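Sequences listed follow chains A and B, in order. For the numbering used here, count along the first sequence from 1 and bump the result up by 289. For the numbering used here, count along the second sequence from 1 and bump the result up by 11.
FYI, nobody ran anything at the bench for these hints, they're computed from the structure. Treat each hint with caution, since some may be false.
As the list claims (entries may be wrong) - Here are some chain A residues pointing at chain B (derived, C-beta under 10 Å):
1. TYR325
2. GLN327
3. SER330
4. GLY332
5. PRO333
6. ARG334
7. LEU369
8. THR382
9. PRO383
10. LEU384
11. VAL385
12. PHE386
13. LYS388
Claimed, not checked - Which chain A residues stay away from chain B? Per the calculated CB distances, all over 10 Å, these:
14. PRO296
15. SER301
16. GLU303
17. GLY304
18. GLN305
19. GLU306
20. VAL307
21. LYS343
22. VAL344
23. THR345
24. VAL348
25. PRO354
26. LYS358
27. VAL374
28. ILE395
As the structure is a computational prediction, the values presented were derived from the model and not from experiment. Note that CB positions come from ideal geometry on N, CA and C, so glycine has one too.
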Amino acid sequence: LAKTTQPISMDSYEGQEVNITCSHNNIATNDYITWYQQFPSQGPRFIIQGYKTKVTNEVASLFIPADRKSSTLSLPRVSLSDTAVYYCLVDDTPLVFGKGTRLSVIA
Amino acid sequence: GAGVSQTPSNKVTEKGKYVELRCDPISGHTALYWYRQSLGQGPEFLIYFQGTGAADDSGLPNDRFFAVRPEGSVSTLKIQRTERGDSAVYLCASSLSLAGVRHEQFFGPGTRLTVL
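The following block holds chain A by itself, in its conformation from the complex (with noise of 0.2 Å):
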C-alpha cells in the first residue's frame, strides 16, 4: 500500500514551472522523499531526494516543510518532453509506488 498521495494528473504550459506536491502523513523518522520520472515504454528514472528543507539539482527543486508531511517537486520552465509520470516515494526498500502524477506539457 503506497504511503503518498499526489495528484492524479497536472497540465502546463511550455516554459511555465510546475509544482507537484505530495502528502506523507505518516513519514517515519528515518524516511527519506525520493521522486522518480516515467516516460511511456521506459522504466521509471530517480530524479531527487531529500530530508528536510529544500534540495536543488539540475533537473528540479524538492521543498520539505519542517512537519516532513508533505513535498514540492518543483520543475523549472518545463519543456514538453517533460511530459511523464512523476511518482513520490517515502524511500523504502523496496520502493512502493503509487499510482504517480501525469503531467502534461502543453506548447
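Mind docking chain B on chain A? Use the hints.
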C-alpha cells in the same frame, strides 16, 4: 557505462506456459529488484536480492513466481503456468548497497509479457 538491460523486450506466450525473464544489472551493483507494472499503475514490488540471496520476496504474488541470482549478478524471473493476469511489464532495477547510505535505483526498460 552500460545501464540495466532486460531480455527479451517483449514476450508473448500462451496460458499455462513457462517463461523466463532475464535482468543484467549495472556492474558492481549488489542490490537487484524486480517490479511488475500494469497499465496505468505504478510499479509493484516483487522481490529484492542482496548479492545472491533474496532479502525480501514478500511481493511475489504466489508460488508460480520464482527468481534467482546464482552468482550475484544476472537475475532470472521465472513464471510457471502463466495466466492472463500475469500480463504486464516486468521491470528490473539495481543499486549500490552500502550500509547506512541510500542509493538510487537504476531501472531497465522492462520486459512486456503478454499471456494469450
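Hints, verified against the model:
Contact between TYR325 (chain A) and chain B, as hinted, is supported at the beta carbon level, the nearest pair being about 8 Å apart and thus within 10 Å. Restraint check, GLN327 (chain A) versus chain B: the minimum CB separation of about 8 Å is within 10 Å; hint holds. Residue-level restraint check for SER330 (chain A) holds (minimum Cβ-Cβ distance to chain B is 7 Å; threshold 10 Å). Because the beta carbon of GLY332 (chain A) sits about 3 Å from the nearest beta carbon in chain B, less than 10 Å, this interface hint is met.
Taking 10 Å as the C-beta cut-off, the interface hint given for PRO333 (chain A) holds, the closest approach to chain B being about 5 Å. The interface hint given for ARG334 (chain A) holds, since its Cβ lies 7 Å from the closest Cβ of chain B, which is under the 10 Å cut-off. Annotation: interface hint on LEU369 (chain A) violated; nearest CB of chain B at approximately 21 Å, more than 10 Å. Because the beta carbon of THR382 (chain A) sits about 7 Å from the nearest beta carbon in chain B, less than 10 Å, this interface hint is met.
Using the Cβ-Cβ criterion of 10 Å, the hint placing PRO383 (chain A) at the interface with chain B is satisfied: the shortest such distance is roughly 4 Å. Checking LEU384 (chain A) against chain B: minimum C-beta separation of about 6 Å stays under 10 Å; hint holds. Given the 10 Å rule on beta carbons, the hint for VAL385 (chain A) holds: about 7 Å separates it from the nearest Cβ of chain B. Residue-level restraint check for PHE386 (chain A) holds (minimum Cβ-Cβ distance to chain B is 3 Å; threshold 10 Å).
Interface restraint check for LYS388 (chain A): the shortest CB-CB distance to chain B comes to about 5 Å, inside 10 Å, so the restraint holds. Every beta carbon of chain B lies more than 10 Å from that of PRO296 (chain A), the smallest distance being close to 14 Å; the non-interface claim holds. Remark: the non-interface label on SER301 (chain A) is consistent with the geometry, its nearest Cβ contact in chain B lying 21 Å away (cut-off 10 Å). Here GLU303 (chain A) stays apart from chain B, with its beta-carbon at least about 25 Å from theirs, past the 10 Å limit.
Every C-beta of chain B lies more than 10 Å from that of GLY304 (chain A), the closest at about 28 Å, which supports listing it as non-interface. At roughly 25 Å, the least C-beta separation between GLN305 (chain A) and chain B is larger than 10 Å, which holds for a residue marked as non-interface. Non-interface status of GLU306 (chain A) relative to chain B is upheld: no Cβ of that chain comes within 10 Å, the nearest being about 24 Å off. Residue placement check: VAL307 (chain A) keeps its beta carbon more than 10 Å from all beta carbons of chain B (closest about 19 Å).
The Cβ of LYS343 (chain A) sits about 18 Å from the closest Cβ of chain B, beyond the 10 Å cut-off, so the non-interface label holds. For VAL344 (chain A), the condition that its CB be more than 10 Å from all CB atoms of chain B holds, with the nearest at approximately 13 Å. Non-interface call for THR345 (chain A) relative to chain B: holds, since the shortest CB-CB distance, roughly 16 Å, exceeds 10 Å. Distance check for VAL348 (chain A) against chain B: the nearest CB is about 13 Å away, which clears 10 Å, and the non-interface claim stands.
No beta-carbon of chain B comes within 10 Å of the beta-carbon of PRO354 (chain A); the shortest separation is about 20 Å. Under the 10 Å C-beta cut-off, the non-interface status given to LYS358 (chain A) relative to chain B holds; the minimum distance is some 20 Å. Listed as a non-interface residue, VAL374 (chain A) fails to keep its Cβ farther than 10 Å from every Cβ of chain B; the least gap is roughly 8 Å. Even its closest Cβ contact with chain B, about 21 Å, leaves ILE395 (chain A) beyond 10 Å, as expected for a residue assigned away from the interface.
Going through the hint list in order, the structure does not satisfy hints 7 and 27.
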